[in-house]
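Residue numbers (my numbering), protein chains in the order written: chain A, 75 to 413; chain B, 75 to 413; chain C, 75 to 413; chain D, 75 to 413.
Treat the hints with care, since some could be wrong.
[Stated by the list, open to error] Each computed DSBU-like pair below joins lysine-lysine, with the alpha-carbon atoms no more than 35 Å apart:
(1) LYS156/C with LYS297/A
(2) LYS297/B with LYS295/C
(3) LYS295/D with LYS127/B
(4) LYS127/D with LYS235/D
(5) LYS156/A with LYS297/C
(6) LYS297/A with LYS297/D
(7) LYS127/C with LYS235/C
(8) LYS295/B with LYS346/B
(9) LYS147/D with LYS147/B
(10) LYS147/A with LYS297/C
Just so you know, these hints were derived from the structure itself, not from any lab.
Protein chains: 4
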Amino acid sequence: MRSFASDNYAPAHPEVLAALSAINQGHQRAYGADEVTAQLEQRFMELFGPNTKTFLVWNGTGANVLALYSLLKPWEAVICTKWSHINVDEGGAPERIIGAKLIDLPAVDAKLSPAQIAEAFIRTGDEHYAQPRIVSITQSTEYGTLYSVDEIAAIADVTHKNNAYLHLDGARIGNAAVALNKSFKEFTTDVGVDVVSFGGTKNGLINGEAVLYLNPLLGEKVKHLRKSLMQLNSKMRYTSVQLLTLLSNDLWKRSASHANQMAQLLANQVSKLPGIKITQPVQVNAVFATVPQSVSDNVPNEFPFYVWNEHTNEVRWMCAWDTTEQDVTDFVAAIKRAL
Amino acid sequence: MRSFASDNYAPAHPEVLAALSAINQGHQRAYGADEVTAQLEQRFMELFGPNTKTFLVWNGTGANVLALYSLLKPWEAVICTKWSHINVDEGGAPERIIGAKLIDLPAVDAKLSPAQIAEAFIRTGDEHYAQPRIVSITQSTEYGTLYSVDEIAAIADVTHKNNAYLHLDGARIGNAAVALNKSFKEFTTDVGVDVVSFGGTKNGLINGEAVLYLNPLLGEKVKHLRKSLMQLNSKMRYTSVQLLTLLSNDLWKRSASHANQMAQLLANQVSKLPGIKITQPVQVNAVFATVPQSVSDNVPNEFPFYVWNEHTNEVRWMCAWDTTEQDVTDFVAAIKRAL
Amino acid sequence: MRSFASDNYAPAHPEVLAALSAINQGHQRAYGADEVTAQLEQRFMELFGPNTKTFLVWNGTGANVLALYSLLKPWEAVICTKWSHINVDEGGAPERIIGAKLIDLPAVDAKLSPAQIAEAFIRTGDEHYAQPRIVSITQSTEYGTLYSVDEIAAIADVTHKNNAYLHLDGARIGNAAVALNKSFKEFTTDVGVDVVSFGGTKNGLINGEAVLYLNPLLGEKVKHLRKSLMQLNSKMRYTSVQLLTLLSNDLWKRSASHANQMAQLLANQVSKLPGIKITQPVQVNAVFATVPQSVSDNVPNEFPFYVWNEHTNEVRWMCAWDTTEQDVTDFVAAIKRAL
Amino acid sequence: MRSFASDNYAPAHPEVLAALSAINQGHQRAYGADEVTAQLEQRFMELFGPNTKTFLVWNGTGANVLALYSLLKPWEAVICTKWSHINVDEGGAPERIIGAKLIDLPAVDAKLSPAQIAEAFIRTGDEHYAQPRIVSITQSTEYGTLYSVDEIAAIADVTHKNNAYLHLDGARIGNAAVALNKSFKEFTTDVGVDVVSFGGTKNGLINGEAVLYLNPLLGEKVKHLRKSLMQLNSKMRYTSVQLLTLLSNDLWKRSASHANQMAQLLANQVSKLPGIKITQPVQVNAVFATVPQSVSDNVPNEFPFYVWNEHTNEVRWMCAWDTTEQDVTDFVAAIKRAL
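All chains should be modelled from the sequences, with the hints used to inform the complete structure.
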């Protein structure tokens with residue numbers, strides 16, 4: 075099957091499988107006390123700065139929930155966009171597990187503005203109002219858009235002025251980094267991001283997500299919380315080696331660049347088709363478009379993809395590390411047939 | 075002190091105090107197995123219909139949380155307005171205690187429309203999306219407005235068509251009933267409301283709130299949930315007698331009518347003042363208005379009230395069962411001095 | 075009705091009702107910003123020491139849950155006895171609301187020993203084990219027994235040595251104080267108790283419970299947590315005045331002494347009856363005994379009481395502030411008839 | 075490194091790695107809608123009966139929490155042993171995530187008896203007591219012991235008579251099956267187990283755990299709960315293929331039998347050593363023993379293992395699918411040197 079449904083429909087990169095096999099011998103301490111995990115922690119310190127504290131978890135929802143939970147008091151809230159993955163795609167896990175309110179702000183391109191954030195810090199000290207304590211942004215966003223480095227810096231600034239923390243959901247952080255042509259550190263640690271959900275799964279791993287505390291004052295005792303949130307992996311070396319492989323030899327960069335390029339190619343081709351309107355800037359590996367009903371009814375049988383908005387028939391087409399030019403050509407042909 | 079801050083700044087009605095003293099003798103079974111509570115349950119059946127199941131709780135937040143919790147599966151969500159008390163005035167209790175997501179929709183007058191509700195039932199069966207299962211409306215609303223009987227019927231209709239329940243937060247249900255000139259039953263049970271948070275505290279009790287299940291299929295085993303939510307009152311007779319008194323001899327009606335009239339009087343008088351703009355229809359016992367900074371800075375020293383919106387300087391003036399015409403006159407005079 | 079079921083079957087003391095009526099005039103700020111609550115906070119500082127921070131809540135379960143929640147990290151646990159109210163009589167509220175584990179230790183007289191506590195601090199730093207952080211004792215205990223001042227001091231010592239906090243559930247703290255013939259402060263603040271659930275309801279109030287932080291390092295921001303736990307009382311003056319009345323003119327002492335004396339009288343009389351075996355030292359206002367089935371089957375129709383242990387037919391007889399010598403005489407007569 | 079610490083220190087079986095590589099091509103639907111997961115669901119129906127509903131999760135804690143959560147009302151409790159993994163080795167996750175009370179009963183060999191269970195169903199319908207609704211047993215147990223088929227049948231009987239469900243934590247279910255010489259179905263579905271946590275990780279997988287609903291009335295809508303508990307695996311085919319491989323060609327049986335045999339070998343050899351006392355019957359792949367301090371101080375440097383009881387210096391030695399006779403010989407030699 076070929077698809078444009080999600081980067082998690084794609085297989086794992088062959089280098090990742092090879093690395094799994096390579097470490098599959100002998101005993102290693104469980105629960106993250108193994109040698110591979112130690113190497114990975116070191117690698118994250120190289121990439122995000124020497125104060126980085128790393129906690130591997132099972133999946134992106136686990137990463138976001140652990141990151142947010144660890145920074146919140148029971149009466150505090152999270153500012154995010156209406157479109158954020160934590161708000162609409164995690165089955166209510168943040169509310170269920172943390173018990174925290176999400177204050178979801180409107181955002182046409184899934185990006186928060188500093189002014190919007192500043193306005194959301196209201197009723198400080200009023201016990202009747204859940205107190206905003208975290209601002210959570212997604213990079214690249216759920217709409218395939220990007221925050222510039224300056225935009226993140228400005229958000230960090232208003233966040234910190236309001237005595238809050240800045241969380242970055244990096245489920246597709248690799249796609250963002252190559253699109254920005256910046257190192258991870260330049261758009262996170264260096265501009266004031268406090269904690270990152272670092273995602274590898276969507277960039278060619280079987281599974282591999284981590285919470286990275288960049289603010290040196292944060293991240294104490296998180297291992298206890300991770301366990302009580304069911305996010306502790308016993309044979310952690312097998313996840314660690316995947317992330318280590320991704321972060322070695324530029325695998326992450328090669329894969330993410332390719333996926334982004336395929337999205338550009340797809341956008342160029344579909345933008346010429348009648349009845350299809352691209353709705354968001356194509357900045358990473360996703361193309362969002364409104365399409366005629368015939369397209370969303372018929373094409374997914376051949377190439378699965380998701381309808382993003384039931385009311386407007388907006389769809390999402392996602393490219394992966396393994397999407398080929400031929401895939402794009404075939405997909406566009408299928409769309410044409412459906413039109 | 076006199077105030078226009080909230081109907082909970084007011085004292086209890088003398089008839090309530092008298093009733094408390096009258097029952098203060100002898101032993102009674104604790105935790106609601108007493109005779110007074112039995113009488114109250116009977117009274118609620120008279121007022122809301124013979125299938126009504128009554129559960130007393132401590133306060134309005136407790137009523138809302140118990141009502142919602144009892145109807146939700148762990149992955150389900152509540153549709154409400156952005157202005158709803160459950161969303162912005164309960165310290166995040168619904169999320170913290172229930173673990174449920176609130177889907178808060180925009181509403182200029184704090185009222186949901188059926189069309190809005192219909193649009194919010196999306197992604198049915200999609201495990202990534204918290205599934206809407208309750209629609210919660212407030213009557214009278216947080217903005218002092220009213221749903222008509224027909225509006226509630228239409229909301230119940232769209233709610234039930236989507237396999238959901240309709241909750242009515244009646245913290246000020248008495249004020250609503252007298253304004254509509256309807257019995258409680260006519261705008262709840264008769265038009266499809268499934269569960270009500272019935273409030274007495276704001277209408278002249280010391281404390282007295284109840285969850286009323288009107289839908290005969292609901293309300294089983296709620297006593298267990300109430301206890302585990304810390305909402306079980308041991309000496310319940312003392313709360314029951316307050317509500318029983320409120321619901322006898324039209325006390326609720328006398329008190330609510332008076333408070334509503336005082337709000338009309340206040341609205342009439344302030345509407346003539348320069349710089350003061352009434353922002354919502356005055357339908358019950360609240361007046362909302364935008365005012366010059368000098369008013370919100372100075373008047374509360376003499377007559378406390380709340381600023382409702384920090385950004386627009388909208389304020390709320392609330393009348394109570396004990397607000398007098400003289401109070402209104404004095405308050406308006408204070409506003410004039412501040413202008 | 076007369077009963078030996080619970081001190082919460084009894085009415086409120088007339089002085090309490092009189093105090094309620096006395097303050098029932100004029101407006102007061104809601105949610106604890108009123109003058110009566112300020113006076114009560116002052117009174118608690120006199121009784122428990124100048125660092126005492128007071129937070130009124132609705133009921134005993136609310137007090138215990140708030141006290142424990144405010145001191146625990148999400149992965150921490152509470153050491154208590156198997157018989158503790160938090161463990162077996164709060165409908166699972168501590169687990170449900172806090173999400174914390176209770177480590178319930180065996181205790182024949184419902185009292186923990188320092189040695190037992192010391193042994194329970196195991197696996198420190200092991201994320202697989204919920205980390206004990208609070209020791210919770212009840213004074214007087216659920217079995218009507220008492221910790222001596224020295225015993226509490228020794229428990230506080232072992233608790234603090236293990237980097238934990240000592241909580242005292244004082245649902246019947248008045249009965250304990252008069253039995254010990256000590257001031258509240260002498261067996262709490264002075265010997266290292268960090269936080270107290272102070273109960274008034276069972277000693278002749280309608281309702282009145284408070285969490286008292288005695289350790290000056292604790293108790294910050296608790297008002298937010300209280301609200302999000304649905305324990306914030308809007309018209310707080312009415313609860314505050316009850317506690318203030320209880321703590322004035324030795325009302326608490328008069329009532330508790332009397333209840334304790336009635337339990338002694340009852341114990342003396344029943345201890346002579348055949349087939350009835352008193353199972354616990356009678357130190358406050360409760361008598362525990364194993365009785366023939368005929369007693370637990372028949373007597374409660376006339377004088378309600380609870381079976382404490384279904385397997386051994388152990389029953390609990392509780393005296394209240396209003397129990398009379400005649401009540402005891404009549405009750406013993408009823409028992410004799412049933413034997 | 076070689077160890078006797080845990081079967082999760084061992085690597086994955088080579089057949090598992092080969093299977094991962096074999097399916098690593100092409101796109102597959104995410105979140106369990108793939109072909110491999112469908113095959114696995116079919117396989118579990120063959121092994122546990124045609125009504126089996128399968129839900130893959132990330133780890134054993136996730137399996138236990140999902141299984142328990144899905145069967146409990148908010149005020150219900152779980153009966154288990156003091157030694158159960160859910161009680162002492164999951165960082166308090168069941169309480170934190172479910173909010174449920176664990177009623178932990180004493181059990182010298184980590185096994186519950188039917189009589190003990192029957193006695194634990196007390197106070198039915200009493201809202202003050204968290205109502206027992208699940209009995210959870212572990213097979214093989216945390217102490218390396220086994221329930222016979224008849225024992226499980228008797229437990230199921232008393233459980234169902236009390237209107238409760240029987241959960242079996244099968245983190246080492248393969249070791250149990252080969253030790254009993256029974257099919258999975260014979261000691262679960264056939265004797266009334268309602269739900270199983272099926273573990274593959276400890277029997278030679280990288281990761282692979284599943285919740286199996288055997289009772290045909292259970293398991294509806296669990297996919298929603300799984301997602302909201304952060305237990306939904308996006309690229310599920312990679313976990314499914316591991317379990318499918320384990321359950322094909324008797325891999326599970328070969329691996330578990332070998333591990334069990336190595337434990338027997340180890341037990342035979344250490345039982346002759348002075349100062350070492352085996353404390354539990356060696357029925358599967360674990361040996362429990364009290365040892366001199368010199369053993370627990372020194373041997374783990376060479377062969378890691380866990381101290382099970384800090385107070386008695388009882389240790390646990392666990393054999394894995396890859397433990398060799400040479401490992402046993404070397405380990406016993408190390409113990410002798412330490413003695």
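| task | Starting from LYS127/C, check that the Cα of LYS235/C is at most 35 Å away, please. | result | Given that 35 Å is the threshold and the Cα spacing comes to 24 Å, the pair holds.
| field | Pair hint outcome, LYS156/A versus LYS297/C [Cα-Cα no greater than 35 Å] | value | Satisfied, since the Cα-Cα distance of roughly 29 Å is no more than 35 Å.
| For the pair supplied as a hint, LYS156/C and LYS297/A, is the alpha-carbon distance within the 35 Å limit? | With Cα atoms ~29 Å apart, LYS156/C and LYS297/A stay inside 35 Å; holds.
| said: Next pair to validate is LYS147/A with LYS297/C; report whether the Cα-Cα distance is within 35 Å. | reply: holds, 12 Å
| Proposed proximity, LYS147/B with LYS147/D (alpha carbon, max 35 Å) | holds, 10 Å
| Does LYS127/B lie within 35 Å of LYS295/D when you go C-alpha to C-alpha? | Holds - the C-alpha atoms of LYS127/B and LYS295/D are around 28 Å apart, at most 35 Å.
| Under the criterion that the straight-line Cα-Cα distance not exceed 35 Å, is the pair LYS297/A, LYS297/D satisfied? | Distance ~27 Å between LYS297/A and LYS297/D Cα, so the pair holds.
| said: Can you confirm whether the C-alpha distance between LYS295/B and LYS346/B stays at or below 35 Å? | reply: violated, 54 Å
| query | Between LYS127/D and LYS235/D, is the straight-line Cα distance small enough, at 35 Å or below? | reply | holds, 24 Å
| query | LYS297/B and LYS295/C: Cα distance at most 35 Å? | reply | holds, 31 Å
Checked against the numbered hints listed earlier, the structure breaks hint 8 alone; every other hint is satisfied.
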